[in-house]
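Chains as they are written, first to last, in my numbering: chain W, 207 to 276; chain R, 765 to 1349.
Where hints are given, some of them may not hold.
Straight-line Cα separation of at most 27 Å, BS3-like style, residue types lysine-lysine; simulated pairs [what the hints assert, rightly or not]:
{"#": "1", "chain 1": "R", "residue 1": "Lys1285", "chain 2": "R", "residue 2": "Lys810"}
{"#": "2", "chain 1": "R", "residue 1": "Lys768", "chain 2": "R", "residue 2": "Lys1087"}
{"#": "3", "chain 1": "R", "residue 1": "Lys768", "chain 2": "W", "residue 2": "Lys220"}
{"#": "4", "chain 1": "R", "residue 1": "Lys1285", "chain 2": "R", "residue 2": "Lys1296"}
{"#": "5", "chain 1": "W", "residue 1": "Lys242", "chain 2": "W", "residue 2": "Lys261"}
{"#": "6", "chain 1": "W", "residue 1": "Lys259", "chain 2": "W", "residue 2": "Lys220"}
{"#": "7", "chain 1": "R", "residue 1": "Lys1294", "chain 2": "W", "residue 2": "Lys220"}
{"#": "8", "chain 1": "W", "residue 1": "Lys261", "chain 2": "R", "residue 2": "Lys784"}
{"#": "9", "chain 1": "R", "residue 1": "Lys778", "chain 2": "W", "residue 2": "Lys242"}
{"#": "10", "chain 1": "R", "residue 1": "Lys784", "chain 2": "R", "residue 2": "Lys1049"}
{"#": "11", "chain 1": "R", "residue 1": "Lys907", "chain 2": "R", "residue 2": "Lys875"}
{"#": "12", "chain 1": "R", "residue 1": "Lys1319", "chain 2": "R", "residue 2": "Lys1049"}
{"#": "13", "chain 1": "R", "residue 1": "Lys1296", "chain 2": "W", "residue 2": "Lys242"}
{"#": "14", "chain 1": "R", "residue 1": "Lys784", "chain 2": "R", "residue 2": "Lys923"}
{"#": "15", "chain 1": "W", "residue 1": "Lys259", "chain 2": "W", "residue 2": "Lys228"}
{"#": "16", "chain 1": "R", "residue 1": "Lys1348", "chain 2": "W", "residue 2": "Lys259"}
{"#": "17", "chain 1": "W", "residue 1": "Lys242", "chain 2": "R", "residue 2": "Lys1294"}
{"#": "18", "chain 1": "R", "residue 1": "Lys1348", "chain 2": "R", "residue 2": "Lys1296"}
{"#": "19", "chain 1": "R", "residue 1": "Lys923", "chain 2": "W", "residue 2": "Lys242"}
{"#": "20", "chain 1": "R", "residue 1": "Lys778", "chain 2": "R", "residue 2": "Lys768"}
{"#": "21", "chain 1": "R", "residue 1": "Lys923", "chain 2": "R", "residue 2": "Lys778"}
{"#": "22", "chain 1": "W", "residue 1": "Lys242", "chain 2": "W", "residue 2": "Lys228"}
{"#": "23", "chain 1": "R", "residue 1": "Lys875", "chain 2": "R", "residue 2": "Lys1319"}
{"#": "24", "chain 1": "R", "residue 1": "Lys778", "chain 2": "R", "residue 2": "Lys1087"}
Interface residues of chain W toward chain R, partial, derived using beta-carbon atoms under 10 Å [to be verified]:
{"#": "25", "residue": "Ile211"}
{"#": "26", "residue": "Asn217"}
{"#": "27", "residue": "Glu234"}
{"#": "28", "residue": "Pro246"}
{"#": "29", "residue": "Tyr248"}
{"#": "30", "residue": "Lys259"}
{"#": "31", "residue": "Gly263"}
{"#": "32", "residue": "Ala265"}
{"#": "33", "residue": "Val266"}
{"#": "34", "residue": "Glu268"}
Hint data in this document are derived by calculation from the structure and do not stem from the laboratory.
Yeah, the Cβ is synthetic: ideal placement off N, Cα and C, and Gly gets one too.
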Amino acid sequence: MPELIAPIAGNVWKILVAVGDKVELDDELVILEALKMETPIYCDDAGTVTAIKVKEGDAVNEEDVLIVID
Amino acid sequence: MSRKQTPLRPYFEKMAEIGKELREGEVRRSQANVELVREQEEIIAKEILRVKNAGIPAEKIHQRGGMTIHDRLEYLVDAGTWSPLHSLYNPNDNVEGCTGVVNGIGKIEGKWAVIIGFDNKVMAGAWIAGQAENILMVTDMAKRLNVPLVWLTNCSGVKLMEQETVYAGRRSSGAPFYRHADLNHLGIPILNGIYGTNPAGGGYQGISPTILLAHDKANIAVGGAGIVGGMNPKGYIDEEAAQALIEGTKNFKGKVPGRVETHFDQTAYFREVHDTEQGVLDGIKDYMRMMPAYDPIMFRVAEPAEPRLTATDLNMLLPANQKRPYDAIQILARLTDNSEFMEYRPEYGREVFAGIAKIDGFPVAFIGNQQGVFPGYPDYANGEYPGVGGKHYREGLIKQGEFVTLCGRDNLPIIWLQDTTGIDVGDLAEEAELLALGQSLVYSIEQTELSMMCVVLRKGTAAAHYIMCGPQANNNNAFTLGTPLTEINVMHGETAAAASYARRLVKESEAGNDLAPTLEKMNQMIQDYKDKSQPAYCAKSGFVDEIVSLTDLRKYIQAFTGANYQNPRSITPVHQMLLPRIIKG
Chain W
207 MPELIAPIAG NVWKILVAVG DKVELDDELV ILEALKMETP IYCDDAGTVT
257 AIKVKEGDAV NEEDVLIVID
Chain R
765 MSRKQTPLRP YFEKMAEIGK ELREGEVRRS QANVELVREQ EEIIAKEILR
815 VKNAGIPAEK IHQRGGMTIH DRLEYLVDAG TWSPLHSLYN PNDNVEGCTG
865 VVNGIGKIEG KWAVIIGFDN KVMAGAWIAG QAENILMVTD MAKRLNVPLV
915 WLTNCSGVKL MEQETVYAGR RSSGAPFYRH ADLNHLGIPI LNGIYGTNPA
965 GGGYQGISPT ILLAHDKANI AVGGAGIVGG MNPKGYIDEE AAQALIEGTK
1015 NFKGKVPGRV ETHFDQTAYF REVHDTEQGV LDGIKDYMRM MPAYDPIMFR
1065 VAEPAEPRLT ATDLNMLLPA NQKRPYDAIQ ILARLTDNSE FMEYRPEYGR
1115 EVFAGIAKID GFPVAFIGNQ QGVFPGYPDY ANGEYPGVGG KHYREGLIKQ
1165 GEFVTLCGRD NLPIIWLQDT TGIDVGDLAE EAELLALGQS LVYSIEQTEL
1215 SMMCVVLRKG TAAAHYIMCG PQANNNNAFT LGTPLTEINV MHGETAAAAS
1265 YARRLVKESE AGNDLAPTLE KMNQMIQDYK DKSQPAYCAK SGFVDEIVSL
1315 TDLRKYIQAF TGANYQNPRS ITPVHQMLLP RIIKG
């Protein structure tokens, strides 16, 4: 089951999908905010969002799981 | 059997391919960005049209049987090579909407030249505010690139109602005459096509170039007919003096001085006189064919080639949202021949890239900011904070300084792709010597004899805008381009508002006062920063020499490169270059 991982530490600024959404390769799913920059997290495979492990405003560490896609 | 090849073929013929095609999803999600780029392009295009239509309508000039400056340029410059500069430059906000000159770089008869002409629709080419600075930027460019300067003179002299804005001062409208003398002294020819009435300032504008070619209705003179009339001894104008002026003007039968009868037939200042406007331009073309220019084969290291990846991708790749990172190598891949690049020390100083590429088969250097986040970097931060793309750290500054120095040794012109938020700050950064290393890069640039061009892709901020060969590098920077996404300011508006009002907020808060008035001032400041950082403002104020569509960047880079290799003052034999060997190891 593919997991979308935080590439850097930061805060979850926006979550652009909900559980059950169908997503495509390269869709923008989450935006992290760190060091005054927005880091968009893109979907690296098509599928359906089965779990969202974070909420907006959460602080995340590098390698934390953000979203699970089936 | 004879055999021929380009030099150092193993290094240059095929370099490492960079960049990759955009995937369907990347294209899909970038459409909003394409729209934002297009919106900015429309703003710029509208402004350029407004400037082009400044002054009297072109039809009036045509009805008189004349040509506008734009007609003249179109006739003179080789098709497809005109690369305009300073189109929106108007730092004093002149009512004319421009500085009264049109200029750029282009080819005439196959040879690069810096070309400038008075806009004869705007007060018959009068001296107006900001014009001298515009001309000085242009003469500096001809000097830097060592290519001919071509003038289309049609200058009525000072706009007398505003003489204080043009006449006096170190960089006033008289300074170009010294610049012309300087160019002549350096062996850089100035060709001058002269039209219309050119008294006083216009006269010196006419006489100061190297070769003078005139239209048969043109004149150049120390003063105009009106000035020959002299001064009123009373020091003011009363009814009596006004009547005298009226009578004098009505009865004035004299001709303007400095006509072709004088300066062709008697003094022989004019090499040629033509009875058509086109004839003058044909004369300039004749002289351009005589200009010194190496065959490009002399300096090419490979056959010219278009980038493998398409330029229109640039509108998808460069985010309009200034807070978004991107892959700078993907940008570079849309600019260089065959999308190839020979990168210098890629593992060192990761926040910048530097290396050699080919443009039209000529070797050139590129330096630019990488974007994104670099965990575990810089070393001196000891993990306290990660490196961020667009910022400069110790290794990146050292890498740039040594690369520039080696480019100087190898005579590689440098193209800077700037998108920078500044140099790292704080005690750790000071201990890591970033202040001195920033200035060290400035020193490295200055000690070369290289031409450089700078493209501010998005942000040009803080001292980093200076040290990456911004326009402040007067002796090296030939010109600086902005894009539809350029934003130039000392710092972001929000940062500036916080720096300016933080203490006041504390004071008001402790006093239990309403914060609203201070917040209003802060937000006004943020808006003001935004308005005065936009591409059109940058062009109008001279922060950049032109705003160019992303898809046109390569055209300007080709012009810069071609001009550099037309008649270089210094040559490094390609087989004696060091940088390709250092990169290979």
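Hints and how they fare:
Distance hint between R/Lys1285 and R/Lys810 is unfulfilled; the C-alpha atoms sit about 32 Å from each other, more than 27 Å. Restraint check: the Cα-Cα separation between R/Lys768 and R/Lys1087 comes to about 50 Å, which exceeds 27 Å; the hinted pair is violated. Distance check on the hinted pair: R/Lys768 and W/Lys220 sit about 60 Å apart at the alpha-carbon level, beyond 27 Å; violated. Restraint check for R/Lys1285 and R/Lys1296: the C-alpha separation of about 16 Å stays at or below 27 Å, so the hint holds.
Simply put, W/Lys242 and W/Lys261 have alpha-carbon atoms about 19 Å apart, close enough for the 27 Å limit, and the pair holds. With a C-alpha separation of about 13 Å, the suggested pairing of W/Lys259 with W/Lys220 holds against the 27 Å cut-off. As the CA atoms of R/Lys1294 and W/Lys220 are separated by approximately 24 Å, the hinted pair is consistent with the 27 Å bound. Only pairs whose Cα atoms come within 27 Å are accepted, and W/Lys261 paired with R/Lys784 is rejected, the gap being roughly 34 Å.
Using a Cα cut-off of 27 Å, the hinted pair R/Lys778 and W/Lys242 is violated, with the two alpha carbons roughly 40 Å apart. Taking the CA atoms of R/Lys784 and R/Lys1049, the gap is near 43 Å; set against the 27 Å cutoff, the hint is violated. Restraint check for R/Lys907 and R/Lys875: the C-alpha separation of about 16 Å stays at or below 27 Å, so the hint holds. With a C-alpha separation of about 22 Å, the suggested pair R/Lys1319 and R/Lys1049 falls inside the 27 Å cut-off, and the hint holds.
The straight-line distance between the Cα atoms of R/Lys1296 and W/Lys242 is roughly 21 Å, inside the 27 Å bound, and the hint therefore holds. Of the supplied pair hints, the one linking R/Lys784 and R/Lys923 is violated, its CA atoms being roughly 55 Å apart against a limit of 27 Å. Taken as a hint, the W/Lys259 and W/Lys228 pair is honoured in the structure, with Cα atoms around 17 Å apart against an allowance of 27 Å. A C-alpha spacing of about 46 Å is found between R/Lys1348 and W/Lys259, which places the hinted pair above 27 Å, so the restraint is violated.
A C-alpha spacing of about 17 Å is found between W/Lys242 and R/Lys1294, which places the hinted pair at or below 27 Å, so the restraint holds. About 45 Å separates the Cα atoms of R/Lys1348 and R/Lys1296, which puts this hinted pair outside 27 Å; it is violated. Restraint check for R/Lys923 and W/Lys242: not satisfied, since their Cα atoms lie roughly 49 Å apart, outside the 27 Å limit. The suggested pairing of R/Lys778 with R/Lys768 holds, with an alpha-carbon distance near 17 Å, which does not exceed 27 Å.
Straight-line distance between C-alpha atoms of R/Lys923 and R/Lys778 comes to about 56 Å, which puts the hinted pair past the 27 Å bound. Distance hint between W/Lys242 and W/Lys228 is unfulfilled; the C-alpha atoms sit about 30 Å from each other, more than 27 Å. The hinted pair formed by R/Lys875 and R/Lys1319 meets the criterion: a straight-line CA distance of about 15 Å does not exceed 27 Å. Restraint check for R/Lys778 and R/Lys1087: not satisfied, since their Cα atoms lie roughly 36 Å apart, outside the 27 Å limit.
Proximity of W/Ile211 to chain R is violated relative to the hint, the smallest CB-CB distance being about 13 Å (cut-off 10 Å). For W/Asn217, the interface hint is violated, the least distance from its beta-carbon to any beta-carbon of chain R being 13 Å, above 10 Å. Nearest Cβ of chain R to the Cβ of W/Glu234: about 6 Å, under the 10 Å cut. The hint holds. Evaluation of the W/Pro246 hint against chain R yields a held restraint, the C-beta minimum of about 7 Å falling below 10 Å.
Evaluation of the W/Tyr248 hint against chain R yields a held restraint, the C-beta minimum of about 8 Å falling below 10 Å. Checking W/Lys259 against chain R by beta carbon gives a least distance of about 21 Å; that is not within 10 Å, so the hint is violated. Restraint check, W/Gly263 versus chain R: the minimum CB separation of about 18 Å is more than 10 Å; hint violated. Given hint, W/Ala265 at the interface with chain R, is violated; its Cβ is 15 Å from that chain's nearest Cβ, farther than 10 Å.
With 10 Å as the threshold, the beta carbon of W/Val266 stays out of range of chain R, its nearest partner Cβ sitting at about 13 Å, so the hint is violated. This hint holds: W/Glu268 has a C-beta 6 Å from the nearest C-beta of chain R, less than the 10 Å allowed.
Violation of the numbered hints given earlier is confined to hints 1, 2, 3, 8, 9, 10, 14, 16, 18, 19, 21, 22, 24, 25, 26, 30, 31, 32 and 33; the remaining hints are satisfied by the structure.
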